[in-house]
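Line by line, the protein sequences are chains A and B.
FYI, the numbering for the first sequence is 1 to 422, going by this note's numbering.
FYI, the numbering for the second sequence is 1001 to 1164, going by this note's numbering.
For the record, the hints were derived by calculation from the structure and aren't laboratory data.
Beta carbons are placed, not taken as given, at the ideal position from N, Cα and C, and that holds for glycine.
Worth double-checking, as some hints may not be accurate.
What the hints assert, rightly or not - Simulated crosslink set (DSS-like; lysine-lysine; CA at most 25 Å straight-line):
1. Lys-1141(B) x Lys-1130(B)
2. Lys-48(A) x Lys-1158(B)
3. Lys-14(A) x Lys-1141(B)
4. Lys-46(A) x Lys-1149(B)
5. Lys-48(A) x Lys-1160(B)
6. Lys-161(A) x Lys-1158(B)
Claimed, not checked - Okay, the calculated beta carbon distance ranges per label pair:
7. Ala-263(A) x Pro-1161(B): 24 to 30 Å
8. Ala-74(A) x Ala-1152(B): 28 to 34 Å
9. Thr-244(A) x Asp-1123(B): 53 to 59 Å
10. Asp-1112(B) x Gln-91(A): 40 to 46 Å
11. Ser-53(A) x Lys-1149(B): 36 to 42 Å
12. Glu-1145(B) x Leu-422(A): 27 to 33 Å
13. Thr-244(A) x Glu-1145(B): 26 to 32 Å
14. Gly-101(A) x Ala-1152(B): 27 to 33 Å
15. Gly-1117(B) x Thr-287(A): 36 to 42 Å
16. Glu-269(A) x Lys-1149(B): 31 to 37 Å
17. Asp-21(A) x Lys-1003(B): 33 to 39 Å
18. Lys-1149(B) x Thr-357(A): 51 to 57 Å
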Amino acid sequence: MNITEKILARGAGKSSVSPDDVVFANVDKVMMHDVSGPGVIKVFDKLKKQGISVDKLWDPTKVWVAEDHFVPSAEKVSAENIVKLSKFTKQYGIEKHFKYGMGQYGICHTISHEEAMVLPGEVYVGGDSHTNTTGALGAFACGLGHTDVAYVLLNGKIWFKVPETYYFKLNGKLPDHVMAKDLILKIIGQIGTDGGAYQTMQFGGSGVDEMSVESRLTLCNMTTEAGAKNGIVEPDQKVVDYLTQRGATNMNLIKGDDDAEYAKMFEFESSEMEPMVAKPFSPENTTVVREAPSVELDKSYIGSCTGAKYEDLVAAASVLKGRKVKIRTEILPAAISIYRRAMEDGLLKIFLDAGVTVGPPTCGACCGAHMGVLAKDEICISTTNRNFPGRMGHVESQTYLSSPLVAAASAVTGKITDPRDL
Amino acid sequence: MMKGNVIKYAQDNVDTDVIIPGQYLKVHDYAELATHAMEGLDPDFHSKVKEGDFILSGKNFGCGSSREHAPIALSHSGVKAVLALSFARIFYRNSVDGAFLLPIEIEQDAYDGISDGDEIAIDVSLNEIKNITKNQTYKMKPFSEIIGKIIAAGGLFKYKPDQD
């Protein structure tokens, strides 16, 4: 069995599973946020009316909650959702609730690794499509909707069809100025937005071995954009060290067997990658930056679970140091712990000196909700993960997806810019 | 047997950002969500959709976010089924597990043969779609065993796996 099959087999209490088996897997951790949480509450209300008991959760210690999509609240509906969420976590005894304005909080997928909320070998589900991110820690991490999360909260398990695994072998260390974001854009450009649909995308090879844990998180994050059920990397010492620094103990490192089967094999020469962008209006609409259209940008956005981890901010700072931005530029660290490190290590000063506005962690503009959405005809370069019509604001705005290095270089010139050409 | 008219979006990758734009994710009132269904792709959708209608589209319908708002907004607009060449996984399972609508996978002949406005009848027990307007019949892909059982039960919460 490969790693995904082994984790699902363990979760389902079976000695082995194969692709297409349907299993009910016990869940080790479940997450919801200020969009999926109120959705779950609505499902609970419906269940009550149907006479189904929602008096207690299966295990509140395995549940954690983030506030990220609509914080800070822009209007009263969002504010009321946060109140609802707080009442819910209090009522059901959920202690791990990362609240806006009370110390550590941030984008759920960032909290998952910053706070070691999920460990290798675990079955982890969350009420958000980018839950795939956390597979970089060697867990089975999969996004679900409100009904499914509500089911997990009450029953502690959920059904899965065991996926086939597509193995992406990445050869060699990424060159300077090239990031994991460029690599995953290249992969999605090749396989398409349904190229991994319903399946596992597993990453391995020397390119992954060389990569930091945070870069692997970027790879797994955007497996969602290829339609994958989960993204995953076999855990190594880097993962153990990363999680240990964040307070984790007793890790169960599950790895695939030597004779594990993979439905498809892909090979990419990561050492030969170049900076990439995805043009509007799809993450698969990719090109190398040097062949990108020469458009006048209105904004550069460095934020989100995809592109505002600590190493993403370090990358942006390496470009912005001693330079000034030419267009509206926002940097929103994805969690308070990252914000703090950026302050302590002098990154915030570099950003402010360059003319950047630094904001609080939020999903706001990434999903076109609030905190800096785009006007009609505005063009943005962004370290986020999607660029469908209207994703970041007006339906006639445009978003180019890129790495933090490209977004920072483009902020300096006002055009889509390869950091090697600055 | 379900009978209704088809609203066709002849494209692939109808994503959840156009089915229900991100600004409405804070909304959990199902009737209000319905008023914004398909707003990012077809601003006239709300005024033209009728109870019992079907949506027909291409590959990878519902790709993007996990928002259950998407099948909820369509379902509460009156849409009983979405027919597509393929579906993104979370939209598909949300539609079934929440019992909001039927996600029906079709073949190319149905996609090509059915036009916007056609009246069709879907018989899931026969895996058959009848185009009443054009007097044609197409096969739908059968539901997998687990999906069929959850649909028959009326959603995940009513499905009892232990009684299989």
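Hints versus structure:
no., hint, result
1, Lys-1141(B) x Lys-1130(B), "holds, 14 Å"
2, Lys-48(A) x Lys-1158(B), "holds, 13 Å"
3, Lys-14(A) x Lys-1141(B), "violated, 30 Å"
4, Lys-46(A) x Lys-1149(B), "holds, 21 Å"
5, Lys-48(A) x Lys-1160(B), "holds, 18 Å"
6, Lys-161(A) x Lys-1158(B), "holds, 19 Å"
7, Ala-263(A) x Pro-1161(B): 24 to 30 Å, "holds, 26 Å"
8, Ala-74(A) x Ala-1152(B): 28 to 34 Å, "violated, 43 Å"
9, Thr-244(A) x Asp-1123(B): 53 to 59 Å, "holds, 58 Å"
10, Asp-1112(B) x Gln-91(A): 40 to 46 Å, "violated, 53 Å"
11, Ser-53(A) x Lys-1149(B): 36 to 42 Å, "violated, 23 Å"
12, Glu-1145(B) x Leu-422(A): 27 to 33 Å, "violated, 57 Å"
13, Thr-244(A) x Glu-1145(B): 26 to 32 Å, "violated, 43 Å"
14, Gly-101(A) x Ala-1152(B): 27 to 33 Å, "violated, 47 Å"
15, Gly-1117(B) x Thr-287(A): 36 to 42 Å, "holds, 38 Å"
16, Glu-269(A) x Lys-1149(B): 31 to 37 Å, "violated, 45 Å"
17, Asp-21(A) x Lys-1003(B): 33 to 39 Å, "holds, 36 Å"
18, Lys-1149(B) x Thr-357(A): 51 to 57 Å, "holds, 52 Å"
Figure legend: structure checked against the earlier numbered hints; hints not met, in rising order: 3, 8, 10, 11, 12, 13, 14 and 16.
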